[in-house]
Structures are given as C-alpha cells and as structure tokens.
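Undergrad: As they're listed, the protein sequences go chains A and B. All residue numbers for the first sequence refer to the numbering used here, where the first residue is 1 and numbers rise by one. All residue numbers for the second sequence refer to the numbering used here, where the first residue is 966 and numbers rise by one.
Calculated directly from the structure, the hints in this document are not laboratory data. Just so we're clear, the structure is a prediction, and the values are computed from it rather than from any experiment. Incorrect hints may have been included.
Per label pair, the in silico range of CB-to-CB distance [as the list claims (entries may be wrong)]:
1. A/K198 <-> B/D1387: 50 to 56 Å
2. A/K618 <-> B/T1249: 38 to 44 Å
3. A/N731 <-> B/S1297: 57 to 63 Å
4. A/L551 <-> B/D1247: 53 to 59 Å
5. A/S793 <-> B/N1286: 48 to 54 Å
Ideal placement from N, C-alpha and C gives every residue a C-beta, glycine not left out.
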Amino acid sequence: MIYIIFYFAILICIDCKLNCFVKKSILLLVFIAFSTCAVAQKKDTSAVGTVVGLVRDSLHNYNLASATISIYKTGEELVKYQLSNNYGRFEFKEIPVGIRLEIVVSKLGYGPLKKNLVIPRTSNSINLDTLNLTKLNILLNEVKISAPPPPMQMHGDTLEFNAAAFKLDTNAVAGDFLRKLPGVTVWTDGLITVNGKKINKLLVEGKEFFSTDSKIALQNIAKNAIQKVQVYQNKSDSDPINPATEMNIVLKKDKKDGYFGKIGGGYGSDKHFAADGMISYFSPRTQLSVVGASNNVNKTAGDVATLISYNSFKGEGILNDYHSDFTRQGLNIFKAFGLSLQHDFNKDLAARPEDKRSNLLKADYFLSDLSNHILEKSQSIITLGQEKISRNNSIDETSSNLGSHYSGKYLKEFEHSAFTAEFLIDHHSNNNQSVQQMKSMTNESDESSSNSKKNVSYTADDLHGDLKFSTSRYYDIIKKDFRSVNLTIYYQFDLFKSTQNQLNLESFNASDTSLNKYINRKYLNNVNASTHVLKTDFFSLTSLLRKPPALFSIDFKNTFTYSNRREIADVADQALLSTYYVPNNYLTNNSKYQVKNEIGGLNFSKTGRNFLDSRYDKNWAFNFFAGNQFYSQNNVSQKSFQYIDRHYYYFVPNISFRYNDNEYGDFTKNYTVVYNTNVVYPNMLQIAPLVDDANFYFIDAGNINLKPSYNHELSFLYNYDNSKAKNPVLNNLKATISFVDRNITDSTFYDNLGRSVHYFINGAPLKAATFYDYFSKAIKLDQNQIQTSVSLSTRYAQYNSNINQVNYSTFNSSLSTTLQVSYSYKSLLTISIAESYYGNRSIQKGISDYTYYNWRTTGGVAFALPKGLFFNSRVDFNNSRSAQLSNIYYTIWNADIGWRFLKGANGEIKFSALDLLHQNKNIFYTINGNIITNGSTNVLQQYFLLTLAYYPRKFGLSKSNSKKL
Amino acid sequence: MSTTSITRKLLPLLFAILFSSIACLGQNVVKVDTAHYLSLRIDPSNAMGGNISDVFSEVNYIPLETTPESLFGTVSRLSITDKYYIILDDNTNSVLLFDKTGKFHAKIKGKSSSIADRVISMVVNRWTKRIICSGYSSESTYDFDCNLIETNKRGPLQKNQINLTSYQFFSADSLINADTFNDVDKSSKDYTPYSRFMIQYATANKNAYAAGLKYSDSESKIDAQGSGIWPLTSFGSDTSFFYSKAYTNSIYTITPHTIKLSYKIFLPLLNSVPTDFLSNSDYTGKRLSYLMKNQSEIYAINNFYKVNNNLLFEATSAAPNDEDNLVYNLHSGNLIAYKHIQPDMRSFNLPIYEKNSANFENNGLVACDGKYIYTSISSLGMFRAKDLNKTAQIKYNEPLTLYFQKSTRKDNPVLVQLKLKDEL
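Looking at chain A on its own, in the form it has when it is part of the complex (with noise of 0.2 Å):
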C-alpha cells in the first residue's frame, strides 16, 4: 500500500509539474502582448515626437509594469497606446508635436491618470518624468478622475481589448473592430490569427454564436455593443504544452441581448429575382435565429448557418460568399427556409468560458426546394486503339429536389465525463423528368442513336442519431487513489427508408435495324436500411495496472458496425403491341443485404518530450494501432447468382509519428507521419448486380470473382508558423502517396455500335502520388494590410484498366497552382488580385494521350463608405486549352453599386449588373481514362437586378428596463 501511495505522490507531482507547465504557456501569451507595445492609428506628418516616461506607485515605491498608456488627440482620438516595459518604462515615437495631447495612464486596481502635453517643436521630444498611479482601494473619492477605458490592458492572464477605446464609425461591425487590433489578423479565409497564433474558437459571451462560423459573429454584432474582446488560452485543453488559444466578445452590460436580421427583395432582367429574410434574436441563454430565402439568381445555401451568415449586416464585399454561382449548371430557383435554437441550461453563466461545463441544447430545421432545368450538349471522342469512337448527346433535365433537414444536439459535461446526443431527420423527394439523345459513331461509320425518356420520383427518409459517454480517469486526492476509468463508449444509428418510382422510355437505333430495341419500362423499388455503429474506447490501459508505467500506454480499440439493407423491386415491362404491363421477371426482386464489420485492436502509444525552460519544447508521440478487421457480407436474393456469403479478415494497422518543435519567441513546428491501411470491400452493384438492359450504351455488369483491394498510404505532413505579431506567416504542406494491391479498376467491352459493357476487376497495383502546400503571409502596416497566399497541388496516378479485352497503362498526373494577393485599407476598401493554373494529362499507354490546361485570373475591388456608397466588382478571365479540342476564352465581369441609407444605415438600394459581357459558358472538360469529353450546359448569364434591403437590428432590448431600475 505504503508502494502505491508513493506511487500517488509522484502522480500528483506529475501532475502539478502539468499545471506549472500551463501557467508556463499563459505567461508566454502576456510576452507575446508585451511585444505588441506602440501600434501606430493615424499617420501625420507632424508625427515626429517622442514622448518618455516612468509609471509609478509612489506610495508603495515601486515602478508599474503593463500599465496602459494611451495618448490622444483633442476630441478623444486615440493617437497611439502601449503598455509600461518590466520596469514601468514606456516611449512612444512618431506623436505629433506643437498641439495640445493627453495622455491617459491606467492599470488595473489603480485609479487613471490624466496629463494635458505639448511636443516641444524645438525639441520634439518630451520626458515625462513618473507619473503616479494611486491604488483603487486608497484613493479619495474626491480626486478619482474619469478617464477613457484603456485600449489594451492584462487581466490576470487574459488580453483585453476594450471596444470604447477604438473609434470606428457607428456603423461598425465585431470584425471591424477585430482588423483595427494590434496583433490580430483576420485571414481573407475568416481564420483570426493573434500574434500569428491561430484562434481555435470565437466566443461571443462563452458561447458559439449561433454557429461554429465566426463570419455570423464578426459581420453581425454591432461594435457598439461590444464592452471587450478578451484573448486568453484554453487551460482545459488536452493538450496542456500548446493549448488552443481562443477568443471571446463580451458585450455591454445592457447590450447582452438583441436581434439583427434583413429583410430584402430584389426584380430585374429576365425575370430574375431573389428574396432574403432572417431575423436572429439572442440572449443571455437562448439564440433563435428564424430565416428565409427565395431566387433564380443562383445563390444557394445547404444549412440554416450559412443562410444566416449570407444575411449578414456586413456581408457585402468580394470575399462575400453569397454570390451567384456562375459555374452552376442550368437555371436554378431556390427557395429555403430554416430555424435554428439553442438553449444554455448552465447555471453559472458569469464563469469565464474556459471554466464553464457544457449544458446545452442545439436544434436546427431546415427547408429547402431547389428546382432545376438543365440542357447539356457534350461530345466525346473513345479512343481504342486505332478505332476511335465519337458520341454526342444531349440532356434536357427538369428536377426539383425538396428537403428537409432537422437536427438537434444536447451537450452536458460534468466534473470528469461527458455526454452528448445528437439526431438529425432528413426527408427528401426529388421530381425528375429527363430527355436524352445519344448518337455514336465509329471508324467504319457504324452509327447507331437512342432516345431516352425518363421520369423519377423518390422520397427517402433518414433517421440518423449518435450518443456519446465520455469518462476519464482522475486522481481522487482525498482517497489518494485514482477513480473512474478513461472510457468512450460511442453508439451510433441510422434508419433509412426510401421510394422510387420511375417510368422510363427508351429507344434504340442502329445501321442494323435488327438491333432496334425499344423499352416502356416502369419500376417500383423500396429499399429498407439501418446501420448500427458501437465504438468503445479504453484508454490508458496501463494505467490500470497499478504498476510502474509500461514502455507503451496501451489501449483498447473497437469499433462493430452492423448494416442491413433490404431492398423489394417491382419492375414491369409495357407488352408489345398493348398497354398493359407484364412483371419484368429478371429485374422484379427482393434481396437483403447485411454487412457486419469489426475492426478492434491494441493500440500502443508513447510519448516523449524534451524541453528547456525559455529556449524550447521539442515534444513528440508515436502511435501504433495493431487494427484487426474482420468482415463479412451476406446478401439472400431471389436470384441465386446474388448469393454471397463472405468473410474476410485483414490486418490493418496504423502508424503515426508527430513532432513538435515550439522555440519560443522564433517559430513553431509540426511534423506528422502516418501510415494507414484500409481495406474496399466490393459491393453488391460491382459482384452480382442485376443488369438494366435499358441503358443502351452504358451495361454495368457485376464480376463474381472481384476482391476487396487492400490500401496503403504514407502521408508526411508539416506546419509552420512563426508566431509573429505583425507580419504572420503561416505554411501547411502535405505529401501523400498510395499504393493500392488488387485494385479495382474498369474493363470495358466496345462493340462496333459504340456500346460498351463494364464491369470491375482487380488490376495491377495503383500507385499514386499526392503534394500539396499552403503558404500565406500577412502585412500590416497601420491600417494597411496585405495577404498573400500561394498554394500548390499536384497529383500522379499509375494503374492499369482493360479495354476490349486489352490491358493498358493508365498515367494520369494534374497541377493546380493559385497565387492570391489581396489589400485592405481599414474596412473601406478591398483589392483582391489571384492567378490560378491547372493542368491535367492523362496517358493511357499505346492509345490515349489527353492534356488539358486552364489559367484563371480573378481581380476585385470592393469599397464601402461607412455610411453610405458601396461598389464591388469581380473580374474573373478564363481560358482554357486542350491539345485534342478547341481552346476556349471567357470573362465573366459582375459589378454591384449601393447605397446604405437610414441612421444605422439599415436601408440598402443596391443595383447589381452580373455577366456584364455576356460571355458566361459554362463548358466543362472531363478526362476519364480513355475517353475526353467537352460539353457546355445552359447557364446563368447576363442579368441586371435592383435590390432594396432593410436590416433590422437593435443590441439591448432590455436597455429602457434598466434604465427604469
């Protein structure tokens, strides 16, 4: 016993070591701020003064450090603002001389201290001697001072940043407020860096703000209503040695509720029109955001979220996503509607975020009807070889798909577990009717053409939920023992159920009339699904044990997925020469299909870390998961060649290494590598499927004898940033390459009709090769800042496929490249410059050799008077070539001018000219092995559309109440 509680003290010296280790991180976060000193709001001309001084409590004789220092200009403009050095020590440079300043020192628990200057001309500079702070708690009420709110100031070991001190029009939004704040940088992508270090999550009051995307929070809240924005480190984060840094907004006493939202609509050409509604109130506890939408513009959203994020306050500009989508293919009218509610139980709503357990409840309904009308003309040209076949065809497709989408989520976590239950329901029915001619030809002139009529109706209905108990192990320090056990036990379960009705029409033509076919073919198939996934976790293994630590930390791993599908097809041909149908005994089916899928295993881990207080922490973790999978499916049919009944078991392990290398103050470093394997189990479709003889040019055929492919992957990935204040740079690169044994792969069988039959067979190994790397710098320079970003993709594929019967090498390798360059100027003005370049070249050895190449250049410039005019303009230049096909130019040129009006500048007048050139086609390129294709679909164009808008918003409802109080 006396041995295990030994054992105890070291765990708990350990673990007090862990909090030290934490305490170590926050300090690093209160350096980083430290370097943030002196940040430069204004340039003048004038600006050639130094200002010098000491900060000092004179009573208790000593020096202050990290007290605020701000300087202002008459009228309260802040000029520039630091904080007091170790020593209580500040200087500012580059403060206009010869007018009158203030000077305003603060720190937290001392009263401020005002001081009226004048830079000396003769001198430009002026020595402050000590100013003296007296403590709260000590000074007279009589000779307290007011002052303004330091712009900056340390709280324990959290940076604050106050809204009060940072003028910005009245107008302005959280994100703003959040670009004007030294050290922070907000990404054109929406990541916020501070001090180059990434922001993992935005809080607003301790909590997400209607969603996980900070765009809701940013381009809505009013900065008006924000009291403080706070920056500190997760210190409950798992990883203690680099917590997640996290950020949140505290707003204004009386502004901890409200709503904001928009109302608009717009008309113009060709009957294009587009419609938006949201209005979202919040609360203290509950966020409530109710939205709408309605258009033939192409604007489309998948969740109520993004719905909310396109209404936003401030979501115009050319990083706006709520564009029409150009590339979208046909006409597209979009209606949606959706709500969204979450609810906080948490009792101690005053607890700081990182302190505070989850109590809540999430719930989203979405609805949304997109209608569609699509005419595509492509042509493509099979090469065999000598032989050469050519296809055209053409589509006329109607459809329109209605959904809807609900989902809810509950979070509760107490002191050391968790459990959350999430369910989401999802209806869908889609309408399609569809028109398709086809016309093939070959070398010898054999022709041959089909007609094809079809018209579907599906529903489906998706009942999916997941519950998750998380425990964790702790040390009871009261029974000096350790209590509960490092437990997931994850449940998972979908039921899904779906209809198809489909009537189809087909007819074939061919130079050999006796090969005319024609089909008048109804199906009925209903397909019954579930699928349970059971995943139990115990970590930490060992540790159970009681003994000295093992080499490895072992866990056990499993994973048990059972699906079962039952599918009954109804199928019936119309009779020759009569209305009437008959059963259709080859298709007509009932087959039922279980899969049973185990993957468990030990999974070993070890962890090392070396590190030297104030120069470096070098930490790394090996893992290694022995997974063993074993896996079978059964499927019972009324035809007997679909029965299987297979089992398969295969190793499949997993090997990852990370490193960390963190040297403070310079640069941090990650490193991973990881091995996997996985093995694709051929389904149903690709063994024994039931063949549809009414797709004249295209027979899926099944292959008995395919096996499952066995897939390996080494991936090498590596991040940098340099945890720099001012000038960001952040680098994510990954390399991957792959090697698939058995792979599954096409053979395909092309008669002299230009026909084909495939199926699937296990070919050669695939071995590919993937790069990819991410480069982004950031430069500020007072208001000024410039991103810039270059990213580079590129991938090689090798693998064989059989044509007619032929093996061919197939080398397939791609490179896309995109150079972005963007300004900002405050929030008034926005140019944004990207070049981008792919290329692909598919080879297929001894009969194919395809290129294709497409620059792209983007340009945009947005600008936006605080209250008042706003343009934006979107130039995007396309060209795009291929060896075997003409080359093709296009520029599609969208503009937008506005005007926000009202004293909030809720009113908005905007006309927007999209495609001004008329040039919009939407034509596509496919390379797939053998065969290219160029096509072009009936797209958005040309339109001109007036919008009026209103964006009702109001941030402290109960501000009259409190008032009266």
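Starting from the known structure of chain A, arrange chain B on it as the hints suggest.
TA: Chain B only, in chain A's frame:
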C-alpha cells in the same frame, strides 16, 4: 573540528538514540509549543517596492557554465554545500553540480523519458556528502562527484518505516520528514504509530522514532496543495527548519527535539480562505475547485525563509500576482514585494527575477543558506535585459562581461545570489 561543531553533530544523534530507546516502549510524541508565536499582519496589496540597493546589500550573478554535458533547463531545487551548488533540473530531470564560481563539476543524468525512473526529489546529506535521488521505483545515492554509491529498489515498508515525502537531514543519519495528510486509519495494514502525524523523526533508513503535529480524522481528508519549496524549508541552519501547515498560515520551527509554532500570518479578509476551511467537512474534495473560483484567496505559505531580521515567503493564491513573494522585516514591520524591487546599478540594471517566465512562478526563491537567498534567471531573460540596457552604458563586472561575451540566449540559466539588508 571545533568542539561546538562536534557537539552540534553529536547532539542529534544522542537525541535519536534517546528517542529510539523510548520508541521501543511505544509512540513518542513531540509536544507542540503553541504558546509563544508571533502574529504577523500581512496585507500584500500594500507591500512596498524599492530599488535593489535599498533592499539588498549584495547582488551576485553566477553564470552556470554551459557545455553539451551541463546544458540544463531550470533551477527547480537548489542545495548549497561548502563547495557546490547542487541543482535539480525538472526539464532534463538531471542533478547538476557547479562549483561556487559556476564551473560545471559533475552531473547525475536523469531519465526524463521514463516516469518510473524520474528523479522526483533530491536531498543532500551534508554530513555524509551524499545526494539522495528518489524516483518511483528506486532510490539512489551518489557522492559529490556523481558516482553512484548504491541503489535501493522501493519495496513494502517495514514496521515503523515511513514514506519520505519532504525531508531534511539534521545529522549524518537522522532526518525530519513532513508528511502529507493521509487518510490511513488504524484498521489499515499500513497504519504505523506515526501515521497520523505531520512531522516524523526518522533514521536515515526511514525508521521513525518520534513524531509531532498530530492531525485529526477530518484533517486526514485534506487535499493539501502547495508549490515551490514546500512544506519543509531549510534556511541555513543544520538543525532547524520551517514547516508551513496547509491552509492555516501557520509556520512551525522544527528542531531535532522541538516543534514550535513560530509565526501565524493574518491576511486581509479579501485574501483569506474561510476560517473553517481546514476543519469544515463541507469542503472535503472541493477545496481545489473552491480555490480556482476564488483566485485572490491565499491558500499556502511557501518558500518560507528567515535571514537575520527578515522573513521571506510566497503567499500563494491560484492566480500569480506581483505581490505574492514578500519580504517582512521583523524589526520595522515593513513589507516589501519582491517582484516590485526595481533593478539599479547594484544589479547592473539587471533584474532579480524574470517576469513573464515560468521559472520564477514555478520555483520562486529556491534556496536560502542563512546569509544569501537564491533564484535564477534564464539566459534569454539576461540578454533581453542587456538589450534594454544598451543606451545606459552599463559597465558590467568581470564575470558578467565574460558571460555576455561568450554566452548566447540559449545558454544555461544564471544563478542570482542576494544578500538582504538587515534593516529594511
């Protein structure tokens, strides 16, 4: 060897023999003298600052030689002998010996990768010139040249043997151990007559022969916390130590034969834990979370030292602050906040503690030898301070000049040796 020193060395032994012989007869309890203690009223928020030359008569920076062998992270524990500074470094889990000029002497290489083999405590026996490094699975003894003398595997304790948690030798083979609160009752097989005592007297082979400061059943469930040098501190005397009792702000002086309540610290209501914090069972298991919520409340007195007329200690609360390390002058009653002492020419404008670094927050003033107090500053901190001094044209002394010439920001920390003025 003088007669006094012989007496000093023999006395504890005599007491040990005396106690041991009595021990055969049963439990030996050292009575706690609580009759004459000094009440100190401390208001950290009103602690004064000052310049280094106002508070210290001597400031010495001792750069610790950096070689590939001697490279280490932080001074987590420091023992001072006649010839060496003996440092336990948590970062590399090594024990390093430097001579009094900072020259590297020898090293006990830690095994930081394995928790089982980590050195978690280092105690120096000045009489036998031995370093005892305790780890989870074993206890090793080294000489001052870092030669391994012996390694003992940890096993079940024998009757009357105690588990050493925080201890100090007061003679070649006698020690004082400060135990943690343990919920071990009489029915437990691990119960010994000395289980329920905070202070235990034992021989070097852990055989307890006397104890003092008994704690109650309710106190046995205390989740006591401390940090830094705690709860038993040495302040330059071979036979006298301070013991700081958790949550009571009480400092006891422990000698080989007496336990005396010496100081009781009274804090402002705003900074005090509730008066019944130790005894009220409602707090059982909730004390840590209470302290995390009430971060201004001082829950422990750590790193307690006495140098002549001055007491030094850390008034620890959950949130580090600038008034947590304090100097209290027993003559004048003046209170000085260590972190508010400003560098001046006595320290070549170099700091005496490193702000915004984990080093001082985690370890504080690491040692006191009765004449000097000790802390350390990272080379990064030293060079940053030198950069700030660029315009001030400071003329550094020879060791510092050499240090700034030959070292880099990534070199070993620099030991800071400070001598307090007697009258403050």
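Undergrad: For the hint 38 to 44 Å, verify it against the beta carbon of A/K618 and that of B/T1249.
TA: Taking Cβ atoms as reference, A/K618 and B/T1249 lie about 41 Å apart, which means the hint holds.
Undergrad: Confirm or reject the claim that A/K198 and B/D1387 have a C-beta distance inside 50 to 56 Å.
TA: Roughly 53 Å apart at Cβ, these two residues keep to the hinted range, so it holds.
Undergrad: Taking the CB of A/S793 and the CB of B/N1286, does the distance hold inside 48 to 54 Å?
TA: holds (50 Å)
Undergrad: How does the Cβ-Cβ distance of A/L551 and B/D1247 compare with 53 to 59 Å: does it lie in that range?
TA: violated (44 Å)
Undergrad: Confirm or reject the claim that A/N731 and B/S1297 have a C-beta distance inside 57 to 63 Å.
TA: About 59 Å separates the Cβ atoms of A/N731 and B/S1297, which means 57 to 63 Å holds.
When each numbered hint is compared with the structure, a violation occurs for hint 4 only.
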